Structure formats: structure tokens, C-alpha cells
Amino acid sequence: MKKLKLNYTCTDPDCAQYMAKVTDTRYSYIEYREWFGNYIVCHAVVDLQDYTLDEICTYCSSYYDSLEQMVADYGFRGALQIMAECIFEQLGFDDMEFNAEQKSKGAAIKFIHEWMKG
18 MKKLKLNYTC TDPDCAQYMA KVTDTRYSYI EYREWFGNYI VCHAVVDLQD YTLDEICTYC
78 SSYYDSLEQM VADYGFRGAL QIMAECIFEQ LGFDDMEFNA EQKSKGAAIK FIHEWMKG
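In this note's numbering, the protein residues as written are 18 to 135.
Quick caveat, the hints were computed from the structure, so don't treat them as lab data.
These figures come from a predicted structure and were not determined experimentally.
Please note: incorrect hints may appear among the correct ones.
Straight-line C-alpha distance at most 20 Å; calculated SDA-like pairs for lysine to any residue [as the list claims (entries may be wrong)]:
1. K38 <-> W132
2. K134 <-> A37
3. K134 <-> T28
4. K38 <-> G135
5. K134 <-> A61
6. K122 <-> R50
7. K134 <-> N116
All chains should be built: construct the whole structure from the sequences, respecting the hints.
Right, here's the structure in full:
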């Protein structure tokens with residue numbers, strides 16, 4: 018998995034999800050996901066410019082009533098990051114990089130922390 022030299026922030030401790038802002042519309046995410054009783058680590062860079070407004074609304078509708086609500090709750094820049102997070106959380110394995118070597122949650126978390134260090 019290719020590592021970007023960025024400063025990551027934990028956005029969801031339940032799945033060890035971390036996010037780093039690459040540009041105003043690009044965000045890098047990494048987390049573990051349970052898969053057939055094991056844990057794998059998934060990484061993707063989500064660029065909001067790759068999605069139409071309708072697609073972004075569809076991804077976000079699983080979590081929020083409207084984009085207007087997101088902007089009201091988080092401000093414009095914060096809402097962009099939340100939009101990217103909504104997309105990342107719904108990406109399939111074909112749309113991201115992943116490492117399937119981890120067998121336990123602890124091993125997946127350790128991999129994420131080491132990966133972020135570079």
C-alpha cells in the first residue's frame with residue numbers, strides 16, 4: 018500500500034479510521050474492516066472532483082438528510098471532509114488498496130499505526 022507523507026487524524030476509533038487532507042477536495046483515508054472473521058486494512062484517496070453532486074448526495078444520504086445539513090453542522094470546509102468520509106466508507110475493495118495479511122484486530126491496528134509513521 019502506497020504511503021502518502023501526510024499528518025493523519027483519527028476520525029473513527031471504532032475501526033481505527035484515520036484521515037489526512039491532501040488538497041481542498043482530496044482526502045486520504047485508512048481503516049480496518051472485518052472480512053470473513055479476519056481484519057484487513059483498506060486505504061483510498063477520495064477526490065470529490067471525481068464525483069457529481071448527485072453522486073455525493075447519494076453517498077451522504079446514508080448518513081445525513083442533506084448536504085445543507087452537513088454544511089450547517091460542520092461549515093463548508095468541514096462538510097467537504099465529511100462528504101469524502103461518507104464516500105470512503107462505502108467504497109468496495111475494487112475501488113481501494115487493501116492489505117489482507119492481518120488476522121486480528123490488534124494486528125490491523127498495529128499495521129495502520131506503522132503505515133502512518135512511514
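So, going through the hints one by one against the coordinates:
no. : hint          : in the structure
1   : K38 <-> W132  : holds, 16 Å
2   : K134 <-> A37  : holds, 13 Å
3   : K134 <-> T28  : holds, 17 Å
4   : K38 <-> G135  : holds, 16 Å
5   : K134 <-> A61  : holds, 17 Å
6   : K122 <-> R50  : holds, 9 Å
7   : K134 <-> N116 : holds, 16 Å
The structure meets every hint from the earlier list without exception.
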